[in-house]
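The numbering used here applies: residue 142 is where the sequence shown begins, and numbers increase by one.
The hints are simulated quantities; they were obtained by calculation from the structure and are not laboratory data.
All figures in this text were calculated on a predicted structure; none of them were measured in a lab.
Treat the hints loosely; a few may be bogus.
What the hints assert, rightly or not - Simulated pairs of lysine-lysine, DSSO-like, Cα-Cα distance not exceeding 30 Å:
| no. | residue 1 | residue 2 |
| --- | --- | --- |
| 1 | K191 | K181 |
| 2 | K560 | K463 |
| 3 | K560 | K530 |
Unchecked claim - Here are the in silico distance ranges between beta carbons for each label pair:
| no. | residue 1 | residue 2 | range |
| --- | --- | --- | --- |
| 4 | A218 | R322 | 44 to 54 Å |
| 5 | G392 | H183 | 33 to 43 Å |
| 6 | E505 | P328 | 32 to 42 Å |
| 7 | D249 | R390 | 23 to 33 Å |
| 8 | H539 | R204 | 57 to 67 Å |
| 9 | L168 | H365 | 16 to 26 Å |
| 10 | R390 | G167 | 49 to 59 Å |
| 11 | A329 | K181 | 17 to 27 Å |
| 12 | R239 | A457 | 22 to 32 Å |
| 13 | A237 | Q542 | 33 to 43 Å |
| 14 | R200 | A171 | 19 to 29 Å |
| 15 | E505 | H293 | 40 to 50 Å |
| 16 | A237 | L335 | 27 to 37 Å |
| 17 | T161 | T388 | 47 to 57 Å |
Note that CB positions come from ideal geometry on N, CA and C, so glycine has one too.
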Amino acid sequence: MERDLASNLEKSTFGRLLRTYRSHLGLSLAQLAARLHFDKGHVSKIETDKRPPSVSFARACDRVLESGDTFTSIAEALEAAGRQQLWIRPAQLLAAHRNFVGRRRYLDRLDSVLLDDERSLGLPVAVLDGPPGVGKTALAVQWAQRAVEDGHFADGQLFVDLRGPGSAAAEPAAVLADLLRALGVPPARVPADLEQRGAAFRSLLYGRNVLLVLDNAAGTRQIHPLLPGSRGCAVVITSRVRLPGLTSRLGAVTLTLTELSSPEAIRLVRSIIGDERTGADPAAVATLAELCGHLPLALVRAAEQIVHHRHHSAAALVTDLKPESARLDLAEGEVTIRGVFDSSYALLDEESARVFRLLGLHPEAVFTVADAATIAGVGEGEAARLLHKIAGAHLIRHRDQHLFQFNDLLRAYAAELTKLVDTGTRRLSGN
């Protein structure tokens, strides 16, 4: 019988073969279901080819029917064929910025973390964090597009905007549903709950070489359900906040972006306004870079004003941007630099926000824990705790144990908030 069954495997469905075995052993459907420890209706649907068999069901059949690995082999082949049929190769990366400059050490580090480490069995994960407007997404996309051009991640690239911390943050269950549909899973076959969706997502990616970019992440709780389980994939995460849980659990490598160097900032402006305008007044371009705090977002918006609006020279724009409020007004559409900073400032609790605002009154961009304690009217221990919370939102930079630093634009933003929110506060003198 086994030889006859084997010769007919190609023209037999799983269900037809299961009925043949059951009939040969004189088992009713109910008896077979009881021995398999599966519901009778479930077995009936598989026998009539109304439901595909799982590999675990097939293994139970081989055990109960003493059929070797006959049913398991068929189920595994069906599952592999189903995965192949479902798979739609995603190509969701955003376009890389044509004016991207610098960041060589970050690009090289991403290569080593995500492409070159073949010793670990773990999923390679890199986190890009840093202050608002520093270019985290631009760097992630630039690296990803370059990696794809070099032949990596041939099975596809997924890009998800997680919408950052706050009430608008994307829910993992909804994100997974979108990802499954993007990979070819019909809406009716998307599992109902978070755990099942995560398992289905990991199953689809298993054995494939896929890059997943999770942009603007809110926190580790949001990220963990979205991670692939196989070594062939890689993940790049960008976030406005620190994500320490990923380091301890996954061994993720965190790269904290800082502002562009002065030469890089000038190159970025030059790439947008052109050599002629830059060459006409290089000193003004250098001053413009300083006024923009060397932040890529501000530099790009300032340069676009020179190109597209009433300003015809860097010197003219420098004059207009002398007031700090004018720099914060730099905008693309309706979104200003101030608005971008607002989204990070909103992450602070009340006391941390108060200290952040008051720090804008300090006469220098660099300050100590003692300085913060004085201006906030708290002890140094409390000041240190609050400063670390502010640094966790990347609104200030932690330089060493007792020293912190503002980006010039963020300092201007803090000072503006102080005028709007705090009254009767004594401004610190430089003495």
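Each hint, compared with the structure:
1. K191 to K181: holds, 14 Å
2. K560 to K463: Between K560 and K463 the Cα gap is close to 18 Å, so the pair holds against 30 Å.
3. K560 to K530: Measuring from Cα to Cα gives roughly 22 Å; hence the hint holds.
4. A218 to R322: 44 to 54 Å: violated, 25 Å
5. G392 to H183: 33 to 43 Å: holds, 41 Å
6. E505 to P328: 32 to 42 Å: This hint is violated: roughly 57 Å between Cβ atoms.
7. D249 to R390: 23 to 33 Å: holds, 26 Å
8. H539 to R204: 57 to 67 Å: Given a distance of about 59 Å, which is inside 57 to 67 Å, the answer is holds.
9. L168 to H365: 16 to 26 Å: violated, 44 Å
10. R390 to G167: 49 to 59 Å: holds, 53 Å
11. A329 to K181: 17 to 27 Å: At roughly 24 Å between Cβ atoms, K181 and A329 fall inside 17 to 27 Å, so the hint holds.
12. R239 to A457: 22 to 32 Å: holds, 25 Å
13. A237 to Q542: 33 to 43 Å: The hint (33 to 43 Å, Cβ to Cβ) holds, given that A237 and Q542 are roughly 38 Å apart.
14. R200 to A171: 19 to 29 Å: holds, 21 Å
15. E505 to H293: 40 to 50 Å: holds, 45 Å
16. A237 to L335: 27 to 37 Å: holds, 33 Å
17. T161 to T388: 47 to 57 Å: Because 55 Å falls inside the window, the suggested range holds.
Consistency note: the structure conflicts with the earlier hints numbered 4, 6 and 9.
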